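Respectively, the protein sequence lines represent chains A and B. Each step along the first sequence adds one to the number in the UniProt record's numbering, with nothing skipped, and position 224 is 224. Each step along the second sequence adds one to the number in the UniProt record's numbering, with nothing skipped, and position 5 is 5.
If you are wondering where the hints come from, they were derived from the structure by calculation, not from laboratory data. All values derive from a computational prediction rather than experimental measurement. One or more of the hints may lead you astray.
Listed below are the simulated EDC-like cross-link pairs for lysine to aspartate or glutamate, each with C-alpha atoms no more than 20 Å apart in a straight line [stated by the list, open to error]:
#1 A/K72 - A/D9
#2 B/K87 - A/E137
#3 A/K297 - B/D11
#4 A/K290 - B/D170
#5 B/K88 - A/D9
The following label-pair restraints were derived from C-beta to C-beta distances [claimed, not checked]:
#6 B/R56 - A/D327: 24 to 30 Å
#7 B/R56 - A/K450: 43 to 49 Å
#8 B/D91 - A/G276: 28 to 34 Å
#9 B/E164 - A/D159: 55 to 61 Å
#10 A/Q212 - B/K163: 39 to 45 Å
#11 A/E468 - B/D154: 31 to 37 Å
#12 A/G276 - B/D154: 37 to 43 Å
#13 A/F315 - B/E139: 19 to 25 Å
For each residue, glycine too, the CB sits at the ideal point set by N, CA and C.
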Amino acid sequence: MLKPDMLIDAKDIKSTITKLKNEQDYTILLDVTAIDYLQYPDVTPSRFAVIYILRTSNFKKQLTVKAYVDDKTLEVDSITDLYYAANWGERETFDQYGIRFKGHPNLKRVLNHHQFVGHPLRKDYEVTKGQICTETEDLMDEMIPLLKSKGYKDVDLEDLMLLNVGPSHPASHGTIRNFVAMEGETIKACVTEIGYLHRGFEKACETHNYSQVIPYTDRLNYCSAMLNNIGYCKTIEEMLGVDITPRAKMIRIIIGELSRLTDHIVCNAANMVDLGGLTNFWYIFAPRDKAYDLFSKLTGARLTNSYTRIGGLEFDLYDGFAQDLEDVLKDVEKALDDSLSLIEHNKIFHDRTQDVGVIDANFALDAGITGPNLRAAGVAFDLRKDAPYYGYENFDFDVVVGSHGDVYDRMMCRFEEMRQSMKIIRQAMKELPDGPINAEHPAILLPSKKDVYGNIEGLMNQFKLTFEGIKVPKGEYYSATEGANGELGFYAVSDGSGTPYKVKCRPPCYYALGGYAKIVEGGMLADAVVTMASMNFIAGEFDR
Amino acid sequence: MGLGAEANLGDSIITTKLDSAINWARSYSLWPMAFGTACCGIEFMSVAASRYDISRFGAEVVRFSPRQADLLIVAGTITYKQAPVLKKIWDQMCEPKWVISMGACACSGGFYDNYTTLQGIDEIIPVDEYIAGCPPRPEAVLDAIMRIQERAQDESIIKDRVKEYKGILDA
């Protein structure tokens, strides 16, 4: 049975994790979550357990730590003083499960609105029970202590201008609310509020069978839906112990890298709109539409493709795919050159982006920032290199690294990563093996229509899979892939039935946004806008 | 010296109905306020970008300021937390104003039938046109804009539009 790597006593959480951090180099906190065992078929020591997912500083190893929480107190020690990332991680666990973290500086809701009563991810919370929100929060409960911690007295507060950027603001890229205190044009304090697009992904997983979850994963990061499909299916396949076919692996790499391409295009195009350069947007959005044509031809949908299946893929590549793909790549290459020719030697662009929104490498690691945002800060971490899957180790490509961690580095890292992705795609197309796209496994993949209509086994198989879903062996498991914005992980718990008992998504954006307020403090408001654009926050992903 | 029609017409006067003249102007100069929250927002970016080019319909002046806009396009999921924000934006828009609900989530909550998602924006604001799809293709958005244009042509400027609407956030 799949189990977490460590099971510890709840009162040892702090000491154990301190030890793991200091002695065994688990310096990155990836995620915090909880499990409610109320309806679990096995007897557990208590109703709730908290889970911590950690990673070593060389990114090679990950570790899941689990502790059962005392039913009476529902309280565990906070580890916010060990990891900056724990701040939002613990808040989310409190919000969704009602587990309190002793010593947390600001334990309040983060995804649900402040008028919400109860904790939605508890098993006894009814999935459809919505609660109307009539007023927005004023956030002064966070802002005033923050300003006081920066040395402001009550009398000084009147000299500051308090301003809301978002939740509906053209420069906020999705529904993020940043509440800033400004002295002139300088941001002195910033409080980030999210949850405006919290769509209950994790609760939805618990009411749908394993295959039905795939369309929900599309809508996490809708700029690179197929990378999310792959991340989720890979987790479930690993729980099932299924190895997908070589062809399916290679197609997943091709499609995944193409999705990374479109994701980076949206990020950089929107970033340059925020900088006032609309021409770039026209230049690089056109080839993106061409990539979408290819996706439509392959999967039937432009944005939300649901292309992967547990155990393989929905369709094989169509005739003429290679030519279409090459056309897209050529167009993207040209668009990149065009776009870069406009900004490469542009003084305004350099002044607006260089030394702006700097993310310090140590802070990035502490806050759990991964992906291009971390690489731009000079840390060469990429799961495709450090914990390769699907044979990424056989490809010739570079991890793109910045030096300064500013907006310029993040944009240029993305530009270069697009080139690296194209390099991977071209190698993969050359090496593409023949053979089936789906694993031979009647308990996982739907039978062919010939069998459904032709024999009783096929018919029954179709019924069973459709009505009951894929039966995943009991246990819990964490797996991660390199999403477009960083480490995209899924922590799945199975009770042996066809419906996930719990799926926790570890979205890269959530932790990046958790660190955003710290990054923009001390900078100008206009710079905060481009900093936000360059970090590529996707609302569907951090809010889920 | 004018060009085209005005050159031929010279100093003549054209008579028409006030409704026709104003509705004609309104329908070909819609100023959309794009309330993009999620996936549909990304597709709306495609509508505005080079290939689909919303400016062919005279609706390219995408304003993120409700007071300058007359067409609200709700593109994306609206949660209960977001609902008061959306309602405030709709309230701030001056008459005449139209609303397009873009995509399954905005129309009905889509497949997010759960504790957090508003089951259709028509629970809080009146909607003129619904677009199906998850997300809809850009062509569908253009189609809805044309339907709004037809509506705008048909209305009388002296009559108030929607007044009797009452949503769950109206006290």
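I'd like to know which numbered hints this structure contradicts. Please list them from smallest to largest. 3, 4, 5, 9 and 11
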